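Participant: Go by the hints and put chains H and A with the ligands onto chain R.
Chains as they are written, first to last, in this note's numbering: chain R, -16 to 577; chain H, 72 to 142; chain A, 3 to 226.
One thing to keep in mind: the hints can contain errors.
[What the hints assert, rightly or not] With a straight-line cut-off of 30 Å between C-alpha atoms, the simulated DSBU-like cross-links for lysine-lysine are:
#1 H/K103 x A/K108
#2 A/K108 x R/K128
#3 R/K21 x R/K435
#4 R/K448 x H/K99
#5 H/K99 x A/K108
[As the list claims (entries may be wrong)] Footprint (simulated), chain A over chain H, 3 or more residues, beta carbon under 8 Å:
#6 79 to 89
#7 117 to 129
These are calculated hints, taken from the structure and not from any lab test. Predicted model, so just to flag it, every value in this text is computed and none were measured. Backbone N, C-alpha and C define an ideal beta-carbon position, used for all residues, glycine too.
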Amino acid sequence: MTGLHDAPVPSRREFLALSGGALGLSSLGLGAAWAQNKVELDPAAITNTDHATDVLVIGGGMAGLFAAVKAHDAGASTMMISKGRLGSSGLTPFAKGFFVYDPKTETESIDAFVDTVSRSALGTNNPVYTRQLAEHSLDRAAELKDWGFFDQNLANRSFMKPVTDRDIPLIERVVVTHLIKEDGRIAGAAGFRLDGEETVTIRAKTVILCTGAGGFKPSGFPVCDLTHDGSIMAYQIGAKITGKEWNDGHSGRSVNPADCYNGWGDMFDRVPSTSGVEVHHDLGVDLNYQAYMKGNPVAGGPQVATDDPVAGGPVTPEEFVRSFPAREGGPRDEAGGGPGGPPPGGRPGGPPADGEGGAPGGPPMRGYAMGGASAGMAIHKSEGLVPIDDRCASNIPGLYAAGDALGSHMAGGIYTQIGSSLAGSAVQGAIAGEAAAEFAAGIKAPSIPDTKLAEVKEEILAPLKREAGYGPAWVTQTLQGVMIPNFVLYIKKEPMMRAALAYIEELRDHHMPMLRAANMHELRLVFETRNMILSAEMKLRASLMRTESRCSHYRLDYPEMDTENWQAWINIFKDAEGRMQLVKQPFAAWPRQT
Amino acid sequence: MTINSINGCIGCEECVKSCPCDVIRLDKETGKAVILYPADCQICHLCRMYCPVDAIEIRPEKSIPVVVSWG
Amino acid sequence: MKLSAKTVAIVIGCAVFIGLPLLFYGLGDVPRRSLLKEVLSVLTLLAFSLMLGQFYLARSNEVVLELFKPPEIQKVHKFIAYGAVIIILLHPALIVLPRFFEAGIKPWDAFVTMVTTFDSAGVLLGLVGWALLLVVLLTSMFRMRLIKRFGIKYRTWRYVHGGLTVTFVVIGIWHSIDLGRHTDVAMAIYMITLAAIGTLMLGQLYWADMSKTVKKPLPKGEKS
Ligand SMILES: Cc1cc2nc3c(=O)[nH]c(=O)nc-3n(C[C@H](O)[C@H](O)[C@H](O)COP(=O)(O)OP(=O)(O)OC[C@H]3O[C@@H](n4cnc5c(N)ncnc54)[C@H](O)[C@@H]3O)c2cc1C
Ligand code: SF4
Ligand code: SF4
Chain R
-16 MTGLHDAPVP
-6 SRREFLALSG
4 GALGLSSLGL
14 GAAWAQNKVE
24 LDPAAITNTD
34 HATDVLVIGG
44 GMAGLFAAVK
54 AHDAGASTMM
64 ISKGRLGSSG
74 LTPFAKGFFV
84 YDPKTETESI
94 DAFVDTVSRS
104 ALGTNNPVYT
114 RQLAEHSLDR
124 AAELKDWGFF
134 DQNLANRSFM
144 KPVTDRDIPL
154 IERVVVTHLI
164 KEDGRIAGAA
174 GFRLDGEETV
184 TIRAKTVILC
194 TGAGGFKPSG
204 FPVCDLTHDG
214 SIMAYQIGAK
224 ITGKEWNDGH
234 SGRSVNPADC
244 YNGWGDMFDR
254 VPSTSGVEVH
264 HDLGVDLNYQ
274 AYMKGNPVAG
284 GPQVATDDPV
294 AGGPVTPEEF
304 VRSFPAREGG
314 PRDEAGGGPG
324 GPPPGGRPGG
334 PPADGEGGAP
344 GGPPMRGYAM
354 GGASAGMAIH
364 KSEGLVPIDD
374 RCASNIPGLY
384 AAGDALGSHM
394 AGGIYTQIGS
404 SLAGSAVQGA
414 IAGEAAAEFA
424 AGIKAPSIPD
434 TKLAEVKEEI
444 LAPLKREAGY
454 GPAWVTQTLQ
464 GVMIPNFVLY
474 IKKEPMMRAA
484 LAYIEELRDH
494 HMPMLRAANM
504 HELRLVFETR
514 NMILSAEMKL
524 RASLMRTESR
534 CSHYRLDYPE
544 MDTENWQAWI
554 NIFKDAEGRM
564 QLVKQPFAAW
574 PRQT
Chain H
72 MTINSINGCI
82 GCEECVKSCP
92 CDVIRLDKET
102 GKAVILYPAD
112 CQICHLCRMY
122 CPVDAIEIRP
132 EKSIPVVVSW
142 G
Chain A
3 MKLSAKTVAI
13 VIGCAVFIGL
23 PLLFYGLGDV
33 PRRSLLKEVL
43 SVLTLLAFSL
53 MLGQFYLARS
63 NEVVLELFKP
73 PEIQKVHKFI
83 AYGAVIIILL
93 HPALIVLPRF
103 FEAGIKPWDA
113 FVTMVTTFDS
123 AGVLLGLVGW
133 ALLLVVLLTS
143 MFRMRLIKRF
153 GIKYRTWRYV
163 HGGLTVTFVV
173 IGIWHSIDLG
183 RHTDVAMAIY
193 MITLAAIGTL
203 MLGQLYWADM
213 SKTVKKPLPK
223 GEKS
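The following block holds chain R by itself, in its conformation from the complex (with noise of 0.2 Å):
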């Protein structure tokens, strides 16, 4: 299963990183695959608290701030959970370019800005989204500005601002792991403590999925608290989920990959700003291809990957292609496209903004590119709940999804307008928590019955009961071992997939159900571990099924766009008996209602 770090000569740095690793790997007890449970709590001392609101919103990021706050102001009882922190959680304490459409300064029109992001997405984004993104993102810059988030580099005392002016019950550090859905519609939701020996019930008319994205934990993406949590609560209840496909190809550096922070260059140090109309073709897996044709440049040697690049590989339509050489696809470049954008002034792969780091991807002594990055995770807004309309509404009665969480294909399969993954997840919130108070007026509260209740108590306590079981933190590691590698999801081909598929199946099938939690944390790493192996199921079975290339999906078995029988998304869901189903959903059409 080892896809370890394999650097063809490793540095003398690199190795005492390994060494220091294997030291931590038997310090840690990682190593301990099947174990006996040393639980450090008694669970049957474990309390449950129940709440009730018109409008739960899960999710303390960007997108999260403003469902609960528009939620609150159309008049509906509003509460928060979050895993995190607010504004301290997720994605958005990392994003610092914010898009804004302002009429006043831009020279083209909406009509056209939307024209533009759909050639460059090649048919793959939701227009009604981008639309609604270019819209809304000025009132909502105008928002934030007032809260003071463009003031300092950390989110959490803005975003707290209107929570507290409003007097919004917000709980932090609850994992929640259940949806729970009553007579045909939500109901409320469940999960546990990190803090307390506590479960904890919330009885909800309406539900907003704000948990972002999600990966396989990877190195060198600061996406490791979450795992698609949203997405994979809302499927076990009957949701579908789109976008599974797609890749985020965001690459690392081989020296201290994992080191987020340094890898970003100053990102993380910088106050966000505002961005405007700047449209690319961005971050797909074009180096992924290099590396896998050519073998990565190594340090110090020249650059293969990127000088003198191999014909064939993923394709980026003709009006996008810009004029500096291929890109390097380091971190930076998000601070210049990507999802995020920039701060002004930075391309990918040209020079860096503002002089820090030299090199594109960064400073020499980062060492040469590697990828996988983000692994796990697709384009931002690609993946995520189907949504049934332009509210940002499930398939499932009284459950809304915004931001991250969403599939709303609002840039479509690629990075196009920089900047627009943080606005997007600001204006979706707003048209979410609005279409959720709304809803929530017409309706009487739910009732859920008290047997339901201890149910859902009893599965998200199991893994604290198992007497003995799989670590978590292993079988995530036999899962990167098999997801991460660049010729399972970047560079796709089906056989491959499909061996990778059986790996997964059983891990579902075998590991899934034993997994063994001793404390409050583990037991959050095993729901974590859980998501990931059915997202990684989604993520294979979705890809086997689009046989064509497009944007940043690139099957090595099928190189070409396949206009006849693939311009449509897939949706996954789960059918009566338990099994992963997928359908295709023609593009710009919203799915039907049964």
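Facilitator: Relative to chain R, chains H and A with the ligands alone:
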């Protein structure tokens, strides 16, 4: 390795709350922050930046072997 | 002869109150930070050790009394003490000062969080110590007026001053052992030793003074 040491902690719990990955906890007896789960640290420096007394030191190496796509 | 004894005394003084803390600072295995932060750390450490040194620049230190003239001692005592006191009074602000120049929580927010963390014994001690030190500073600055106004004897003023500073030092050391970034075992022993000896010397002097008049308990500085 990863988050490395905490010196001069006043026990305000800012880092515990600000860590997305639940790496740090407050020791109930000493009232100070302890690095409990370093293997889960994503080296994002949020804890350090939120700490009012700048007590946290973070090193660039991950404490467990990392899996990458190529390189 | 007399001159060189003076020089020796000064050199020893510098070695004990500047050299040793610098040595312990250097040997401590606390990660180094930016130059500014290290300078501020060292400044605060030295301010405190020099403050401890004041016990030895007083009437209680017979060696110094023999070598130097009382006005000389008083002048140096005052000069060092005011400097050190000001740095120590400022050190909560110095801790958050570098945030002006780097990313992270804003200095004022950091400061507020810091001084409102009442769960921490170290912070509470720090707040009490800070207030005490302010009292020490103000009473010293206006001692003449106080003496006149309340008609107390200069000797009584000295008891008050000694008592206040000993209490401050006990609290300060405790605070620093609990919270100090650089207060490891060596540094702690160093500070306790200096404070204990200083207090004993002072106690001895007062004891001698007071055995003629009223009886007062010994300050309990040596215990902490
Ligand atoms: C390094 C970096 C740089 C970026 N730069 C930019 C940029 O410059 N411009 C730009 O537009 N975009 C950028 N992005 C993308 C942008 O950050 C995201 O698209 C956006 O912040 C997503 O916001 P969100 O609210 O949808 O989700 P997130 O911010 O990811 O929030 C998810 C929230 O859900 C909570 N949560 C997750 N699971 C659970 C659970 N099970 N129970 C309870 N709570 C849960 C998390 O704790 C978190 O609070 C960047 C991303 C990164 C990583
Ligand atoms: S660096 Fe980031 S992940 Fe690591 S302990 Fe600090 S906040 Fe947590
Ligand atoms: S933020 Fe700093 S002072 Fe506060 S608990 Fe964490 S390490 Fe201690």
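Participant: Failing hints, ascending?
Facilitator: No numbers; nothing is violated.
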